[in-house]
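Trainee: So the protein sequences, as listed, match chains A and B. Be aware that the first sequence starts at 0, since it is given in numbering that gives the first Met the number 0, and climbs by one per residue. Be aware that the second sequence starts at 0, since it is given in numbering that gives the first Met the number 0, and climbs by one per residue.
These aren't lab readings, by the way, just hints derived from the structure by calculation. This one's a predicted model, so the numbers in the text were calculated from it and none came from an experiment. Errors might be hidden in some of the hints.
To give a feel for the contact side, a few chain B residues facing chain A, derived at Cβ under 8 Å [as the list claims (entries may be wrong)]:
no., residue
1, Thr62
2, Leu64
3, Gly133
4, Ser137
5, Thr152
All residues carry an ideal CB built from backbone N, CA and C; glycine is no exception.
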Amino acid sequence: MKKKLFSLMAIVLTCAMVLGGCGGAAQSAAPAPAASGAASKSDAKSDVTITYYSMWNETEPQGQTIAQAVDAFKEKTGITVDVNWQGRDIRKTLQPALDAGQDIDLFDEDVERVNGTWGKYLLNVEDLAAKSYDTTNGKPLTDVINKKLVDLARSLGPDGKLSTIPYQPSTFLVMYNKDIFKTAGITAVPKTWEEWLAACAKIKAAGKTPITVDDAYMASLFGYHMARLIGKDKTLAMVTNKKIDDPAVLTFGEQWKEMYDKGYISKNAAGNIYPAGQQEVASGNVAMYLNGTWLPNEIKNSAPADFNWGSFAYPAVGKGGDGPEANQYGAQCFGINKNTKHAEEAFKFIVFMTTGEWDNKLAADSIGVPMANDATWPKQLTDAKAVLDATTTRYPWAVGMENEADINAKIKTNFALLVSGKLDAKGFADAMKK
Amino acid sequence: MKTKNKAMIVIFLAPAVFLYTMVFLYPTIRTVIMSFFKVEGVTDAVSTWKFNGMGNFKTLFNTPLFVSALQNIGLIWLVGGIGVMLVSLLFGVILTSGVHGKSFFRSVIYLPNVISAVAMGTMWINYVYNPDFGLINSTLKGLGFKNAAAQWTGPELVFWSMLIAYCFGMVGYHMLIWMSGIERIPTDFYEAATIEGANVFQRFSKITLPLLKGVCRTNIVLWTVSTMAFFVWSQLFSPVNLSASTVTPMSYMYELVFGASSSAITDARFRCGRGNRRDPDHGGHCGVYVYAAHCPA
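Just chain A, with the same shape it has in the complex (with noise of 0.2 Å):
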């Protein structure tokens, strides 16, 4: 009895294995979009029904505001888009959705996770983003949006093809808060490390504290700084090789030694939890924060309204290294089902959302940034426009510190040591090395 319950269960245990491992695998070959080069139609009204797993949530801004684009996009087109609200749990729960077959058209969530770990269920987009459409005065799509990251996407894509769309950039540099300045009787914003200390030194005249940090955002204060005493190439090949041994981690534990000892720094920065580095600009007592244009969308309910931001590009720091032009920007991106029945209706909705009114509206109300060539950008991000538009060199997010956990975690442990006077450079720098 108990070797036949055994088998059987053997057996069950088996096909469970089998079906789960080939549930995934049958999948028929895409519809190939139309030629390129004509104009999409967009007049005759439609009724197909599309399914977009989204990366928001409904409550917020994005959500909102995608919410009413897709009510408007109906009542123009007659397609309705269901939107199947994920949030950022959608990072688990759309592979397991495509593999199993589910009808989802249209995705969305940060570039380099459709492009890097989705790729194999995007649709080529080449075609369909040379069309133009309503709302791109009768030029292609990839005319009309910025370019820079329509390159991005295209690097990214698999094959080096146009496989997303990408929404809602972001770009990450210093935000600031520019009364502060203003009061610490600072004209210009700095452009190399002496022009910074100097800076910090009239902030911390004027009673403020000029910059901190939180445990989420020091690996990327770490990498931005590294990149800008020794590049970008040479700053990743340490976090390649698994050892953050260059001589340069030295002088980063000097000059960060010095931040410290001149009270530059927050004196709460090696204890900050996120957020809790950010609620500190929030309650006007700190002047800079090295985070992305999505700051002040995270903290204007803590903010006061009428918070006067203002931003500006990592200054240089040593000789051998970027100087303001190398940053790291990105974006979201909409990506469509290979497998999708409809193609071109997906794509016009992401055309929708990236050019005209509702790009315009949603960076609006995200206090994001717009798309399209020609749209305004949130005045809170004026300065962030200039950083982006003169960006040459692009960094990975946190210039690799985060694409090894370990490093990242060493990383945050001994800086908030260093920033807390309990090691000083050598000791970063030893400890760095281990």
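Here the structure of chain A is known, so what remains is to put chain B in place on it, guided by the hints.
Mentor: Structure of chain B alone, referenced to chain A:
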């Protein structure tokens, strides 16, 4: 009659056995097998798996962060366990000794269990450990110990701060179990001992403790089960990415399987252009470890 019974047993057990097999046994065995393979995504078809022998295990035990995770969970289990057991036993003994307002205190001490861990964590981080206006530093400053005010969530103390916050919530739960055990001990024993001249400490050590052996075992099992699944507090004290001081095998596994820092619990924002390296096979192995740790319990 016998055969009828058999049919009945099969009919009644089948749904439960089927569900248990599909929802628990199958994923467990699949994960164990998966830990010997190189796998890109958790849901990838078996045909795409590449055999890797003990490679994943070797990599994992050579990863400093995983070693930190093991050390942390060991300390949480041992130090936290001793603390929680002692404090909850003390409360249990006091509340069953005929003190006034027993139900009130019992409810108050149990209350943290009713509140979501996320709310509790936020309270501890923002209202207890905050260096500027938190309870501890304000009290210390108020008492004149200005130098004792510290960075409770800095890298040196964050582990202990997290452990205290976690244990605070666990005391009530284990206290209830102790109390139910103590209340089951017949009062005659205490009466007889009192007549014989035993004091309160003697009654505790000679009657209460020996008769609580079974309850003690239950408490240790439950403590082990809950600490091995230590995840939420680790995420709360390091919400976006892992820290060596707060990482546990569960949070490490989550990071590996669901990609770089996608902690959905508290990180409500979006992060752009970040690395998305995932490593489900090591994550799977981590899962094997967590499962193995549960087994003896």
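Trainee: None of the hints should be skipped; say for each whether it holds.
Mentor: Each hint, compared with the structure:
1. For Thr62 (chain B), the suggested interface contact is upheld, since its CB lies about 6 Å from the closest CB of chain A, less than 8 Å.
2. Look at Leu64 (chain B): its Cβ gets to within about 5 Å of chain A, closer than 8 Å, so that hint holds up.
3. Annotation: Gly133 (chain B) was flagged as interfacial toward chain A, and the flag is violated, the nearest CB pair being 10 Å apart, outside 8 Å.
4. The beta carbon of Ser137 (chain B) is not positioned within 8 Å of any beta carbon in chain A (closest approach about 15 Å), and the interface hint is therefore violated.
5. Satisfaction of the interface hint for Thr152 (chain B) is found here, the shortest Cβ-Cβ separation to chain A being roughly 4 Å, below the 8 Å cut-off.
Against the hints set out earlier in the document, violations occur for numbers 3 and 4.
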